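Student: Chains as they are written, first to last, in numbering that gives the first Met the number 0: chain C, 0 to 421; chain W, 0 to 421.
Derived from the structure by calculation, the hints contain no laboratory data.
Source: prediction; values computed, not measured.
Certain hints may be false.
Identical chains share a label here; the pair holds if one copy fits it or two copies do between them.
What the hints assert, rightly or not - In silico BS3-like links for lysine-lysine, alpha-carbon gap of 25 Å or less: (1) LYS210 / LYS337; (2) LYS140 / LYS307; (3) LYS21 / LYS183; (4) LYS139 / LYS128; (5) LYS21 / LYS337; (6) LYS146 / LYS86; (7) LYS128 / LYS140; (8) LYS183 / LYS146; (9) LYS212 / LYS21; (10) LYS21 / LYS307; (11) LYS337 / LYS212; (12) LYS128 / LYS21; (13) LYS347 / LYS249.
Protein chains: 2
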Amino acid sequence: MSDTPRVVILGAGFGGIGAAQKLRDAPVELTIIDRHDYHTFQPLLYQVATDELEPTAVGSPIRDLLHRHDNVAFHNCAVESIDLSNKQVVVEGMPPIEYDYLVMALGAVVNFHNTPGAAEHSFPLYTMKDAIRLHDHILKKLEEVDKNPALVDQGALTFCIIGGGPTGTELAGAMSELLHTELKADYPNLPIDQARVVLYEHSPHVLAHFKPKLRDYAQRALEERDVEVHTGSGVVDVTADAITLSGGEKVQTQTLIWAAGLQASPLTKSLGVELAPGGRVPVGPDLQVKDHPQVFAIGDMASITDGKTGQPLPGLGAVALQAGHHVGKTIEHLVEGKPTTPFKYFDKGNMAQVGRGAAVVELPTGGTLTGSIAWLAWLGVHLSLLSGAEERTSVFVDWGWNLLTHKRGKRILLSDEEHDDS
Amino acid sequence: MSDTPRVVILGAGFGGIGAAQKLRDAPVELTIIDRHDYHTFQPLLYQVATDELEPTAVGSPIRDLLHRHDNVAFHNCAVESIDLSNKQVVVEGMPPIEYDYLVMALGAVVNFHNTPGAAEHSFPLYTMKDAIRLHDHILKKLEEVDKNPALVDQGALTFCIIGGGPTGTELAGAMSELLHTELKADYPNLPIDQARVVLYEHSPHVLAHFKPKLRDYAQRALEERDVEVHTGSGVVDVTADAITLSGGEKVQTQTLIWAAGLQASPLTKSLGVELAPGGRVPVGPDLQVKDHPQVFAIGDMASITDGKTGQPLPGLGAVALQAGHHVGKTIEHLVEGKPTTPFKYFDKGNMAQVGRGAAVVELPTGGTLTGSIAWLAWLGVHLSLLSGAEERTSVFVDWGWNLLTHKRGKRILLSDEEHDDS
Numbered sequence: 000m001s002d003t004p005r006v007v008i009l010g011a012g013f014g015g016i017g018a019a020q021k022l023r024d025a026p027v028e029l030t031i032i033d034r035h036d037y038h039t040f041q042p043l044l045y046q047v048a049t050d051e052l053e054p055t056a057v058g059s060p061i062r063d064l065l066h067r068h069d070n071v072a073f074h075n076c077a078v079e080s081i082d083l084s085n086k087q088v089v090v091e092g093m094p095p096i097e098y099d100y101l102v103m104a105l106g107a108v109v110n111f112h113n114t115p116g117a118a119e120h121s122f123p124l125y126t127m128k129d130a131i132r133l134h135d136h137i138l139k140k141l142e143e144v145d146k147n148p149a150l151v152d153q154g155a156l157t158f159c160i161i162g163g164g165p166t167g168t169e170l171a172g173a174m175s176e177l178l179h180t181e182l183k184a185d186y187p188n189l190p191i192d193q194a195r196v197v198l199y200e201h202s203p204h205v206l207a208h209f210k211p212k213l214r215d216y217a218q219r220a221l222e223e224r225d226v227e228v229h230t231g232s233g234v235v236d237v238t239a240d241a242i243t244l245s246g247g248e249k250v251q252t253q254t255l256i257w258a259a260g261l262q263a264s265p266l267t268k269s270l271g272v273e274l275a276p277g278g279r280v281p282v283g284p285d286l287q288v289k290d291h292p293q294v295f296a297i298g299d300m301a302s303i304t305d306g307k308t309g310q311p312l313p314g315l316g317a318v319a320l321q322a323g324h325h326v327g328k329t330i331e332h333l334v335e336g337k338p339t340t341p342f343k344y345f346d347k348g349n350m351a352q353v354g355r356g357a358a359v360v361e362l363p364t365g366g367t368l369t370g371s372i373a374w375l376a377w378l379g380v381h382l383s384l385l386s387g388a389e390e391r392t393s394v395f396v397d398w399g400w401n402l403l404t405h406k407r408g409k410r411i412l413l414s415d416e417e418h419d420d421s
Numbered sequence: 000m001s002d003t004p005r006v007v008i009l010g011a012g013f014g015g016i017g018a019a020q021k022l023r024d025a026p027v028e029l030t031i032i033d034r035h036d037y038h039t040f041q042p043l044l045y046q047v048a049t050d051e052l053e054p055t056a057v058g059s060p061i062r063d064l065l066h067r068h069d070n071v072a073f074h075n076c077a078v079e080s081i082d083l084s085n086k087q088v089v090v091e092g093m094p095p096i097e098y099d100y101l102v103m104a105l106g107a108v109v110n111f112h113n114t115p116g117a118a119e120h121s122f123p124l125y126t127m128k129d130a131i132r133l134h135d136h137i138l139k140k141l142e143e144v145d146k147n148p149a150l151v152d153q154g155a156l157t158f159c160i161i162g163g164g165p166t167g168t169e170l171a172g173a174m175s176e177l178l179h180t181e182l183k184a185d186y187p188n189l190p191i192d193q194a195r196v197v198l199y200e201h202s203p204h205v206l207a208h209f210k211p212k213l214r215d216y217a218q219r220a221l222e223e224r225d226v227e228v229h230t231g232s233g234v235v236d237v238t239a240d241a242i243t244l245s246g247g248e249k250v251q252t253q254t255l256i257w258a259a260g261l262q263a264s265p266l267t268k269s270l271g272v273e274l275a276p277g278g279r280v281p282v283g284p285d286l287q288v289k290d291h292p293q294v295f296a297i298g299d300m301a302s303i304t305d306g307k308t309g310q311p312l313p314g315l316g317a318v319a320l321q322a323g324h325h326v327g328k329t330i331e332h333l334v335e336g337k338p339t340t341p342f343k344y345f346d347k348g349n350m351a352q353v354g355r356g357a358a359v360v361e362l363p364t365g366g367t368l369t370g371s372i373a374w375l376a377w378l379g380v381h382l383s384l385l386s387g388a389e390e391r392t393s394v395f396v397d398w399g400w401n402l403l404t405h406k407r408g409k410r411i412l413l414s415d416e417e418h419d420d421s
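Could you put together the complete structure from these sequences and hints?
Tutor: This is the structure we're talking about:
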């Protein structure tokens, strides 16, 4: 065995990729583990669900990181457990992997808040598969109504979303646009005007973390796009063909999209460390796990406090990416015998798209933008976030094409296995 | 009910799409039925399997045919039976559909020739799902060897193909190129030089229907690309980890790709008409089914004889497309009370690609081309075959990009459900 320090990164989301980008040029042996062989550009998953982007446009091969780097290995497998005391990670189908430094960036799972039926019958939107499943479900509902129009009365064209944060809001606007433009042309014989997109948010406002001016604009922009917005309303029960609202009302729907919260990867429970709310791993200002200075936690599985403001940082891709970069540099410093430094998040702004040409932006200066200028800013920031150069090109081409032609990608069902034997 | 003649097209492959293109401007009520909501560009499926094209590049939404045409309906469902005496089609999930004119273009299914284990363990390449399944299987084998290199000795990197027709030959060349370029870079720690692509053909030659000069060139070009070519050799038994050859030899492999024959859709058996070899429906020179002058059969489910030469026509996309056009015009003539005319296939040449920059072409004049000029001709003919304008653009952009950069699309696994719970 060589004396080169072994660094293991668990998870190739924004956090893991950020750490890997810094470490592949460092004097370490780097191993990346992920249960997928691709990195997911999560902020745009809703565009996969609504046919604005193809799945491959928001997934980049993790193995691209390996080219021209002899010190990097990637293994496509699930993590089964993390043994902090013996400094090793147990993964599926391989011998345990030992580490000198560990970066935990395994992300989150959906939090259904124990709502009966939600896990079985609702559609989350956190992974690529969630997005493809929702995409295909929407098309299947339209195909079913095409064959049997009476299904409209059973809620087949009633698309409900719970959660008025950025995911729910962006999805609601995009779904309504999809239904009333492309799908209207694709299903000329359907009563598509009876299709409904309904957004429920338990708090009094959509985009609650944005300034009042912006959340009011967002709600107005959604309503202009025929989205029914119900604030102060939660979902307390879900079945395959109906939901029950917190006020007691029952709504017939075959589609409830769950955009109402995440919790840390369940693996955190077995770490033997005290956890923060949501099962997140608390870390110090240097992103180190308490009592384990060679172990770091970042992204949606960590509870991170900003080194500059002392405030908890939000679960954003930009935070995870910057935290990953910081951890990568920190490990390089530790290997060289240098001290660690606290992580400071550089806030580039907070934004959400409500529809084509409509977005809301909170600038780091305190200013705000709405409308098409905000939308261009939204576009620019997302493009700059995309991790690979090729990726950026491909998404940009897709987007540009859609903008110019007002046409989406391909409205085709690839995951449908039902007819396979016919 | 109106008096407008009702035309039903079963299947939206080359044949069905060809007929639909002619009929959507005719004074008829047109209904198209397909079990997928997309048309598959079958000649390029092998490029989906080998990561040169994305699935959506070779699938176009059938509903695009509906835009700006009030007389066309599409239903995405499987055909359960065809009742020629009562002039109706029974489909899944809808009332039976009555017709005045019927175009049967339901294609084929793979013919395993009763080879034990072939249906369970081999990988056909006839549908989009076949191509995606094979694509993901190849990547999974590499991931498995990455985690456990000993699997190479169990044939995990031995990729066998049975059938040296165009599909098997094109696939063999493309797979070998994929393994020795992109995947070699993606899996730097793998013994990828031990990966084998082996092509078996029971007759004495690959591309047996081509002229001797061309089939010799093809075999040489494959061997230059490290494909092991075994002619005069069939497969008589298949298990999950081995195949038995007709000579008795057993080969350890976890991948047998079945490119050795098709038979007509099994629905033909219930038509009550006498069938030609391979279960195909024999049709007259006007493509009409015997005793049913308002019923037509085209494409892989029909046995068609050329009206010019009297020879049986091959199962090519170009033949099906032209036959579809002919049937569309014939139905329009019948509606107008005009006589039918015999179908004459216009042969644009016969071609196959063996690798990047290498193809074989038999010109309709009797001349031949090989090498990069043949490859450009191959490219041009396939581009001209593609059914939609947008399609043509998207595939062309993908191809151009790949050619310039020697880079493929995305080597990512989207259909893998194994790790979903982790």
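Student: So which of those numbered hints doesn't the model satisfy?
Tutor: Checked against the structure, the hints that fail are numbers 1, 2, 9, 11, 12 and 13, while the rest are satisfied.
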